[in-house]
Amino acid sequence: MNIIEIKELTKNYPLGSTIVHALRGIDFNIASGDFLSIVGPSGSGKTTLLNIIGCIDNASSGSVNIGGVEITKLNDKEITDIRLHKIGFIFQTFNLIPVLDVLENVEFPLLLMKNRSKSEVKKRAESLIDAVGLSEHIKHRPSELSGGQRQRVAIARALVTNPDIVLADEPTANLDSATGEQILELMKEMNRKEKTTFIFSTHDSNVIKYAGYVLKIKDGKMVN
Amino acid sequence: MVRKLVIILLFFIVLGKEALLAVAEPTTIPELMKKIEQLQEMTTDVMARVDLTQTKTGQGTKKIEMLYYRRDSDDSFMIVMIAPEIDKGNGYLRVGDNFWMYRRNTRTFQHINRDENIGGSDANADDFEKRKLTELYAPSKDASGNEIISTEKLGAVSVFRFEIVAKVNDVDYPKKIYWVMQDKGLPLKEQSFSASGTLMQTAYYINYTIVEKRYVAVKQLFIDEFEKGNKTLVEISGISTKKLDDSLFTKAYLENISK
Amino acid sequence: MKFLFIISLRNLFRQKRRNILLGSAMAFGVMILIIANSFSHGISDILFNRIVVYVAGHVNISINEGKGRDLPLFRDRDRLTKIAVETAGDKLIEYNEGVGIFLRAIGNGKVENLVLVGINTISRTLTQKQREEINESFKMLYGKFKDLGNKSIENPAILSKEKADALSVKPNDIVRVRYRNIYGQTQSSRLTVVGIMSNDNIFMQGVMFVELTNLKEMMGYRPYECGSIKLTLKEPQKDAADVADKIHSALRPGPAFILATAKVLNQDSSMNPDVSTSENKNSNPNTISSNNQNADTSPRVTLIPFMGNDEPLKKLMLSSFKLSSGNVKDVFGKDGMMVSDYLADILKIKQGDKLEFHFKPKFITKDKPEFAVREAIFSAVVKGIFISDDSTGKETIYMHEALFYPKFYENLPDLQSDSKFAFIPKEKASFKPALGTEWVLLDRSRSTDDLKQKLRAAGRKKIKAATIDVNSMYESASDVLKLENALNIITFTAVLILFFIILVGVVNTLRMTIRERTREIGTIRAIGMQKKDVLLIFVIETAILTAFASIAGTILAFISMAGLSNIAFQITDNPMGILLVKDRLHFVPTFIGIVGNIGFILFISIITAFFPSRKAANLSAADALRHFE
Numbered sequence: 006m007n008i009i010e011i012k013e014l015t016k017n018y019p020l021g022s023t024i025v026h027a028l029r030g031i032d033f034n035i036a037s038g039d040f041l042s043i044v045g046p047s048g049s050g051k052t053t054l055l056n057i058i059g060c061i062d063n064a065s066s067g068s069v070n071i072g073g074v075e076i077t078k079l080n081d082k083e084i085t086d087i088r089l090h091k092i093g094f095i096f097q098t099f100n101l102i103p104v105l106d107v108l109e110n111v112e113f114p115l116l117l118m119k120n121r122s123k124s125e126v127k128k129r130a131e132s133l134i135d136a137v138g139l140s141e142h143i144k145h146r147p148s149e150l151s152g153g154q155r156q157r158v159a160i161a162r163a164l165v166t167n168p169d170i171v172l173a174d175e176p177t178a179n180l181d182s183a184t185g186e187q188i189l190e191l192m193k194e195m196n197r198k199e200k201t202t203f204i205f206s207t208h209d210s211n212v213i214k215y216a217g218y219v220l221k222i223k224d225g226k227m228v229n
Numbered sequence: 247m248v249r250k251l252v253i254i255l256l257f258f259i260v261l262g263k264e265a266l267l268a269v270a271e272p273t274t275i276p277e278l279m280k281k282i283e284q285l286q287e288m289t290t291d292v293m294a295r296v297d298l299t300q301t302k303t304g305q306g307t308k309k310i311e312m313l314y315y316r317r318d319s320d321d322s323f324m325i326v327m328i329a330p331e332i333d334k335g336n337g338y339l340r341v342g343d344n345f346w347m348y349r350r351n352t353r354t355f356q357h358i359n360r361d362e363n364i365g366g367s368d369a370n371a372d373d374f375e376k377r378k379l380t381e382l383y384a385p386s387k388d389a390s391g392n393e394i395i396s397t398e399k400l401g402a403v404s405v406f407r408f409e410i411v412a413k414v415n416d417v418d419y420p421k422k423i424y425w426v427m428q429d430k431g432l433p434l435k436e437q438s439f440s441a442s443g444t445l446m447q448t449a450y451y452i453n454y455t456i457v458e459k460r461y462v463a464v465k466q467l468f469i470d471e472f473e474k475g476n477k478t479l480v481e482i483s484g485i486s487t488k489k490l491d492d493s494l495f496t497k498a499y500l501e502n503i504s505k
Numbered sequence: 210m211k212f213l214f215i216i217s218l219r220n221l222f223r224q225k226r227r228n229i230l231l232g233s234a235m236a237f238g239v240m241i242l243i244i245a246n247s248f249s250h251g252i253s254d255i256l257f258n259r260i261v262v263y264v265a266g267h268v269n270i271s272i273n274e275g276k277g278r279d280l281p282l283f284r285d286r287d288r289l290t291k292i293a294v295e296t297a298g299d300k301l302i303e304y305n306e307g308v309g310i311f312l313r314a315i316g317n318g319k320v321e322n323l324v325l326v327g328i329n330t331i332s333r334t335l336t337q338k339q340r341e342e343i344n345e346s347f348k349m350l351y352g353k354f355k356d357l358g359n360k361s362i363e364n365p366a367i368l369s370k371e372k373a374d375a376l377s378v379k380p381n382d383i384v385r386v387r388y389r390n391i392y393g394q395t396q397s398s399r400l401t402v403v404g405i406m407s408n409d410n411i412f413m414q415g416v417m418f419v420e421l422t423n424l425k426e427m428m429g430y431r432p433y434e435c436g437s438i439k440l441t442l443k444e445p446q447k448d449a450a451d452v453a454d455k456i457h458s459a460l461r462p463g464p465a466f467i468l469a470t471a472k473v474l475n476q477d478s479s480m481n482p483d484v485s486t487s488e489n490k491n492s493n494p495n496t497i498s499s500n501n502q503n504a505d506t507s508p509r510v511t512l513i514p515f516m517g518n519d520e521p522l523k524k525l526m527l528s529s530f531k532l533s534s535g536n537v538k539d540v541f542g543k544d545g546m547m548v549s550d551y552l553a554d555i556l557k558i559k560q561g562d563k564l565e566f567h568f569k570p571k572f573i574t575k576d577k578p579e580f581a582v583r584e585a586i587f588s589a590v591v592k593g594i595f596i597s598d599d600s601t602g603k604e605t606i607y608m609h610e611a612l613f614y615p616k617f618y619e620n621l622p623d624l625q626s627d628s629k630f631a632f633i634p635k636e637k638a639s640f641k642p643a644l645g646t647e648w649v650l651l652d653r654s655r656s657t658d659d660l661k662q663k664l665r666a667a668g669r670k671k672i673k674a675a676t677i678d679v680n681s682m683y684e685s686a687s688d689v690l691k692l693e694n695a696l697n698i699i700t701f702t703a704v705l706i707l708f709f710i711i712l713v714g715v716v717n718t719l720r721m722t723i724r725e726r727t728r729e730i731g732t733i734r735a736i737g738m739q740k741k742d743v744l745l746i747f748v749i750e751t752a753i754l755t756a757f758a759s760i761a762g763t764i765l766a767f768i769s770m771a772g773l774s775n776i777a778f779q780i781t782d783n784p785m786g787i788l789l790v791k792d793r794l795h796f797v798p799t800f801i802g803i804v805g806n807i808g809f810i811l812f813i814s815i816i817t818a819f820f821p822s823r824k825a826a827n828l829s830a831a832d833a834l835r836h837f838e
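For the protein sequence lines, the chains are A, B and C, in the order given. Counting along the first sequence from 1, when you hit position 83 you're at 88 in the numbering used here, and nothing is skipped either side. Counting along the second sequence from 1, when you hit position 45 you're at 291 in the numbering used here, and nothing is skipped either side. Counting along the third sequence from 1, when you hit position 74 you're at 283 in the numbering used here, and nothing is skipped either side.
Everything labelled a hint here was simulated from the structure, so no lab data went into it. Predicted, not measured: the structure shown is a model, and the values here were computed from it. Among the hints, erroneous ones may be present.
[Claimed, not checked] Just so you have them, the derived chain C footprint on chain A, three or more residues with Cβ under 8 Å:
1) 58–65
2) 80–91
[What the hints assert, rightly or not] Among chain A residues calculated to face chain C with C-beta under 10 Å, some are:
3) T98
4) I102
5) M118
6) A178
7) D224
8) M227
For glycine and all other residues, C-beta sits at the position ideal for the given N, C-alpha and C.
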């Protein structure tokens with residue numbers, strides 16, 4: 006069963022007076038529970054593709070169907086809801102909210118979902134923090150954590166809503182290789198445990214070995 | 247202050263009727279009052295210059311000079327101030343029911359309704375309506391019901407001294423005493439009393455002149471008996487009884503004369 | 210919502226220095242606004258509650274019986290006060306007769322102008338609060354307040370230290386005063402200084418106090434008469450206008466008439482002393498007994514006034530009455546009087562005859578023999594005879610208002626008991642609107658200007674009946690309210706300029722913040738926060754800052770006002786001194802004023818914050834995430 010179906014996807018955006026063709030017709034499907042890596046050099050269109058799949062950027066043409074919903078036809082409010090409920094994000098620069106502590110950062114997406122009880126939210130967040138091994142840092146602010154710890158928090162935050170897909174854009178780029186591997190191990194483990202589809206981009210060949218599938222992309226086109 | 251004086255003027259620039267006859271003794275107070283009334287009856291146009299000399303304790307003397315015009319046909323009058331400098335050119339004009347105050351420095355006329363107070367003073371335009379002495383006052387009577395009247399000498403002049411009391415309650419002074427020349431019926435002295443019987447003012451009619459066969463009190467002295475030392479001397483000169491031109495009693499004339 | 214608030218609050222503390230600076234500026238603005246507002250409210254409080262209310266009360270019933278002149282005289286005090294007190298009911302604290310005169314006073318060789326005010330010290334029962342207020346306004350340096358009521362002293366009076374010095378008088382000295390009584394007569398009296406007070410209120414320094422009954426007598430009121438009535442209410446703001454409305458409707462006048470016996474005066478006996486005035490202080494008792502001589506031939510008649518000074522009403526009379534003799538101009542003119550044909554027959558009179566009327570006044574006072582009038586008498590000339598019918602009445606005489614009212618008021622008849630015997634034309638009679646009433650009730654006015662205009666119009670009409678006007682201070686002193694509003698607008702405008710400068714700071718700060726947090730905005734949008742929540746985060750942040758600043762500003766304002774009102778200003782001969790209370794600035798902060806101002810500032814800052822915040826919310830998540838500082 007495909008969780009993502011992409012057809013003839015293109016993306017152009019203006020840069021100064023020229024138009025950049027970031028994606029030039031991408032077609033592929035991703036099955037539920039995959040652990041997929043998008044690989045390509047800088048500027049190949051990895052991030053653009055991930056952004057479109059993650060519903061934070063829109064396609065210029067083509068169709069993107071996530072969990073049976075054609076997202077190119079949705080308005081901002083609906084698409085924001087899809088992000089909240091179906092997608093988790095892990096960023097290269099972690100992007101935790103600096104004024105919130107670890108627990109609050111992980112609770113954050115759940116709090117955005119209305120009508121959830123406080124205790125339920127807390128229990129779910131704590132179980133994920135425990136799963137990423139940060140139970141002892143629950144009250145720490147992001148600035149008090151190391152890079153690896155921050156990315157663990159980000160993983161917990163991405164998974165806390167029990168999303169269909171977790172998107173990770175160069176999750177290990179800002180980490181040393183050892184920590185990077187730990188993070189990928191963790192992601193893989195979560196993929197197994199929670200049956201969540203993981204899509205991550207990287208240009209690091211060391212990282213690729215963790216991927217179940219690899220999608221190579223170059224100049225906005227898929228390469229076999 | 248000036249406003250108040252205007253009112254005084256109306257009562258005291260008075261031209262006596264021709265040929266006041268000698269008064270035969272004995273005389274009653276109502277007869278004498280009638281004489282005074284006649285003195286106040288004006289039946290002619292008048293133009294005169296009026297000088298007021300006010301003396302106030304602690305404030306020295308202030309001289310006010312003005313020209314006074316009266317038209318007989320409808321009892322209109324006009325007053326133009328000459329001195330002091332601050333009031334020069336200001337004027338008052340009454341034609342029929344309309345009464346105006348003219349202010350030279352602002353070149354404006356203030357219209358005064360007959361029922362309104364004049365510029366914040368307690369004088370009212372109604373005050374300008376003349377009411378006869380006999381309508382306002384009645385002879386005083388002693389315990390046995392006789393009129394209080396006696397003969398006296400005021401200086402070298404033989405006079406009747408008599409008392410009158412107000413019979414309406416809206417007069418300035420509820421009680422007055424007059425000293426009137428026995429032969430001509432002209433008042434020489436007048437005392438005015440408050441409701442509680444305190445002497446408030448003494449007036450002396452010092453000098454009478456005959457103008458066009460009429461008696462005019464050209465020199466009058468008012469002594470404030472309440473605030474001792476305050477007094478006002480009224481001197482009237484240049485009296486003319488020639489017919490006055492109608493164009494005199496207009497706002498335009500008042501404006502022009504003040505330019 | 211709660212966690213949006215938490216995020217906003219924590220965000221606010223991220224840039225402490227920047228926000229403290231901005232907050233201080235806002236707090237300063239709030240402080241100035243509250244101080245200015247309290248000060249202008251203080252000024253109007255002084256004008257309103259210490260001066261206007263003092264002069265006119267919360268509700269004022271003013272009377273003018275003057276024929277063109279101001280004559281504040283109502284002939285039946287008890288009736289008027291009863292209506293006022295019963296209507297106001299339990300909303301009333303007290304009522305007073307507003308009596309005061311300007312006078313010239315002579316002390317020991319010195320002359321001063323003063324205002325003499327009557328105070329009811331004898332019959333009034335005071336509440337504790339009133340006692341305190343009196344003690345506060347009368348700080349007696351010598352003598353006691355209650356000495357005013359001492360009957361063994363000639364006109365006891367209390368005056369301020371300033372005026373006592375100016376007149377160089379000491380306690381027990383006599384001050385001679387000259388003034389005009391209500392009728393305009395010059396009057397002089399002796400006042401005995403029984404007390405000297407110190408008074409901080411400049412307005413009160415020129416005031417000399419005497420017992421109300423003494424002052425009323427000095428002014429020429431008879432014991433049963435009164436001037437204007439002023440009412441003090443418990444909750445003036447709430448009740449004043451309403452009480453004034455109710456008193457106004459309770460004061461609707463009934464018809465005026467005199468029930469008299471009429472007899473023909475022999476035209477030949479004109480040597481009869483003038484009896485045209487009823488109240489003759491010199492009248493001897495025989496006039497009373499002589500009246501009973503031919504009681505049999507004197508029919509009882511009803512004298513009814515018509516409003517001949519009002520042209521339309523005069524025309525109405527003209528068209529409603531048919532004359533069998535007399536000419537219209539005389540009959541409906543100033544001294545006009547017409548007798549019914551029925552009465553003319555009985556009395557055998559014709560046009561030009563003189564009638565004498567005798568009637569019983571309502572008030573026969575025993576304690577003041579000089580006012581004792583057992584029977585009022587007056588005479589008038591018959592100007593015409595009208596053809597009577599059921600609507601005009603048979604034993605009736607109609608009089609021009611100018612002829613009727615002076616006699617009517619001079620010796621007010623007892624209308625209530627007389628009405629059983631008098632002929633009172635029916636409401637449906639065509640000429641009823643032209644007939645005189647006991648008094649003329651002026652319409653209620655909405656503002657000072659309205660009031661002035663109304664009184665001027667009433668003056669122009671030359672109504673001969675007394676006029677009654679009911680006002681609450683909110684109408685009679687609406688100018689004071691206007692002044693307060695003007696002051697508020699001025700200070701508010703000034704402070705608004707200050708605030709615009711501050712708000713430029715708010716916008717600037719917010720734009721900076723948004724720039725700094727662009728990636729954060731991208732993150733939370735990516736995670737799934739809706740646009741409106743992003744907007745709210747920033748708006749709430751500004752609102753919290755403003756709220757904190759407002760609270761700080763309010764506290765600062767109160768500290769400053771406490772400080773300022775501790776400074777004593779020694780202004781003695783400057784009119785601005787009126788605006789001080791006990792030599793000090795008078796601030797009256799009001800809850801509504803403060804909340805209103807803060808509310809307004811919050812509103813302004815939220816509006817200002819809204820636009821940059823919306824811009825932040827509308828950022829594309831992808832662009833925001835790409836943003837690197």
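These are the hints, each one checked on the structure:
1. 58–65: holds (count 3)
2. 80–91: With 7 residues close enough to chain C, the hint holds.
3. T98: Since chain C brings a Cβ to about 8 Å from T98 of chain A, closer than 10 Å, the hint holds.
4. I102: 6 Å, holds
5. M118: 8 Å, holds
6. A178: Hint violated; A178 of chain A Cβ to chain C Cβ min 14 Å, cut 10 Å.
7. D224: 20 Å, violated
8. M227: Violated. Min distance 21 Å.
Violated hints, listed in ascending order, are 6, 7, 8; each of the other numbered hints is respected by the structure.
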